[in-house]
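Order-wise, the sequence lines are chains P and Z.
Just so we're aligned: 200 in the numbering used here is position 200 of the first sequence, and the numbers increase by one with no gaps anywhere.
Just so we're aligned: 324 in the numbering used here is position 324 of the second sequence, and the numbers increase by one with no gaps anywhere.
Don't take each hint at face value.
Unchecked claim - Simulated restraints, written as ranges between beta carbons of each label pair:
(1) Ala204(P) <-> Pro316(Z): 38 to 48 Å
(2) Asn305(P) <-> Lys208(Z): 26 to 36 Å
(3) Lys95(P) <-> Asp194(Z): 47 to 57 Å
(4) Asp55(P) <-> Lys266(Z): 23 to 33 Å
(5) Gln245(P) <-> Leu328(Z): 34 to 44 Å
(6) Leu182(Z) <-> Glu47(P): 49 to 59 Å
(7) Lys294(P) <-> Asn278(Z): 45 to 55 Å
Unchecked claim - No more than 25 Å apart at the CA atoms, straight line, and that leaves these computed lysine-lysine pairs for DSS-like:
(8) Lys143(Z) <-> Lys289(P)
(9) Lys265(P) <-> Lys57(Z)
(10) Lys275(Z) <-> Lys275(P)
(11) Lys242(P) <-> Lys275(Z)
(12) Lys275(Z) <-> Lys62(P)
(13) Lys95(P) <-> Lys266(Z)
Simulated from the structure, these hints should not be mistaken for laboratory data.
Backbone N, C-alpha and C define an ideal beta-carbon position, used for all residues, glycine too.
2 protein chains.
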Amino acid sequence: MKSEFKRVLVKKGFSEKMADEAAQLFTETSCDGVYSHGVNRFPRVIEYIDKGYIDVKAVPTKIEGMGAFERWDGNLGLGNLNAKVCMDRAIELAKENTIGCVAIKNTNHWMRGGSYGWQAADAGCIGICWTNTHPNMPAWGGKDRRIGNNPLILSVPREGGHVVVDLAMAQFSYGKIESCKLNNESLPVVGGYDSEGNITRDPAEIEKTWRVLPIGYWKGSGLSILLDLIATVLSGGNSVYKVGQLEGQDAEYQLSQVLIAIDAKKIAGDDFLGKAVNEVLSDIKDSEKVDENKEICYPGERTLNTRKENLEKGIPVNEAIWDKIKSL
Amino acid sequence: MKSEFKRVLVKKGFSEKMADEAAQLFTETSCDGVYSHGVNRFPRVIEYIDKGYIDVKAVPTKIEGMGAFERWDGNLGLGNLNAKVCMDRAIELAKENTIGCVAIKNTNHWMRGGSYGWQAADAGCIGICWTNTHPNMPAWGGKDRRIGNNPLILSVPREGGHVVVDLAMAQFSYGKIESCKLNNESLPVVGGYDSEGNITRDPAEIEKTWRVLPIGYWKGSGLSILLDLIATVLSGGNSVYKVGQLEGQDAEYQLSQVLIAIDAKKIAGDDFLGKAVNEVLSDIKDSEKVDENKEICYPGERTLNTRKENLEKGIPVNEAIWDKIKSL
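Isolated chain P, as found in the complex:
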């Protein structure tokens, strides 16, 4: 899979090195089971390159350094490469100052945000990062889409598998709503509103209004607004509002992101880190189960299981999408 991604990226004008790194990220994301932001997303990334939203020659550059904080410009380069460079820099800043923060403006969709949480944890750091997005969700009390789903990632390093959450502020992604509709399934819990303003699990009804539900109703709406404001203020880049006003309004580009690393190993030491984290996870896994046959997973555990399975058996692909990629 990686060599196929790399072939296409080199053909589109990336340097050998950048194509290799980007292909690695797309492949790891797919291997971890986040197909929507790996293999399935790859053709759209190529489309964005062709439309000029993504600059294959661009690398992120530091604008200003202020102590443990730095501001970077993404120069409209590929989002996952940009975010990886900036998390690497946040980790370096954390090694110097115990905590490090990089804000990047003018960057592009980072694909799977969780990647940068795993990256921080691999370096022994706690990772805290988020991105803003295109306006894709109504604010609480509003009907039209003016706030972003602004995914937030938190990670803690752990021997045997990091603990990682990677979650958007919308209860369901557009992709999930569409796939439930195609399969004639209800959403597992309420996910938005129908045309009468009633809350519903019916994906076809939600598609009529695109009034998707923020996590925790008013709570996720507020979180989304603050994540956007902080990313905007720290990076000096576009807010969700500004992203919605760019040319080619359906496209999502020129985003703002924040990447924070905190040197957990230095602060806590390996012993306390391992013990404190493991006793919390054991306690949670020992819960009285809702369904006796369903194991309670800690955040990140399913990813690790999928990774192992896909490394053994190969990464499953949708034939049509894979054919499309081979034809690029």
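Keeping the supplied structure of chain P fixed, place chain Z upon it in accordance with the hints.
This is chain Z only, laid out in the frame that chain P set:
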């Protein structure tokens, strides 16, 4: 109100200065409309002092400084005073390093977490802080309470009123569920499970199981776990699991907290800060409304409105609670 709080705190053994500062925090919280963590909570704080969970002579002490990060010990002092000292220190660290982070262990309930968000914003800083709690919510897939509702606060400074969210990871607090039950009202949206395992808005049914719902279902469960792990690892203090094992298991004490400040004014400058934030808020307030008669408020706006009203008309109190405080 403040002088009454102060009188009681001095009687319980606080120094004049500490009693004054704590009384100020309890009063501001009440004035801002968060009665549950101000005037209504005050008698329980006194009870915790009498039981020895809160030490009136204790002040927080720095354990270790590492660059832009410091570890503090709360020494079981009053939670709101401890948190205020630590956010002040995080702000000082932010003035030196642009970003500052303080983790505190062995502290007590900080009352209204939003206070420390407003405090950071008053100093021109972005505030990011959270606390862990007693185990009061089941993890996703579990039935018994093993994770905390771990409130998270985010704030951005703004002329004319800061933007602040202060939200627990449970959709509703115990207090809200109880008050809806007393008033024979349904919860505004689903908030937990009944004894048959169905999701419900009925507060009496939820009280039977205490299976309260995390915000965003599995998402809030994951966020809660990560907030707890990060607070535990950074502070070297108790996790939610450990808090649940302390003597007097119904009491909530010896908590772990994280307070992060980022110098927004230095990073963004007053002009960009004001403009970028205000254009986002204006856009949100201009949304097509769900209810024509209901204004869409930005996070923090309602607090400011309540504060103005209460400063004009006085802070409303429950007579029974106020009588109880006067008798202390």
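Verification of the supplied hints:
no.: 1; hint: Ala204(P) <-> Pro316(Z): 38 to 48 Å; result: 47 Å, holds
no.: 2; hint: Asn305(P) <-> Lys208(Z): 26 to 36 Å; result: 35 Å, holds
no.: 3; hint: Lys95(P) <-> Asp194(Z): 47 to 57 Å; result: 51 Å, holds
no.: 4; hint: Asp55(P) <-> Lys266(Z): 23 to 33 Å; result: 30 Å, holds
no.: 5; hint: Gln245(P) <-> Leu328(Z): 34 to 44 Å; result: 57 Å, violated
no.: 6; hint: Leu182(Z) <-> Glu47(P): 49 to 59 Å; result: 57 Å, holds
no.: 7; hint: Lys294(P) <-> Asn278(Z): 45 to 55 Å; result: 47 Å, holds
no.: 8; hint: Lys143(Z) <-> Lys289(P); result: 6 Å, holds
no.: 9; hint: Lys265(P) <-> Lys57(Z); result: 33 Å, violated
no.: 10; hint: Lys275(Z) <-> Lys275(P); result: 47 Å, violated
no.: 11; hint: Lys242(P) <-> Lys275(Z); result: 12 Å, holds
no.: 12; hint: Lys275(Z) <-> Lys62(P); result: 24 Å, holds
no.: 13; hint: Lys95(P) <-> Lys266(Z); result: 23 Å, holds
In this structure, the hints that do not hold are numbers 5, 9 and 10, in rising order.
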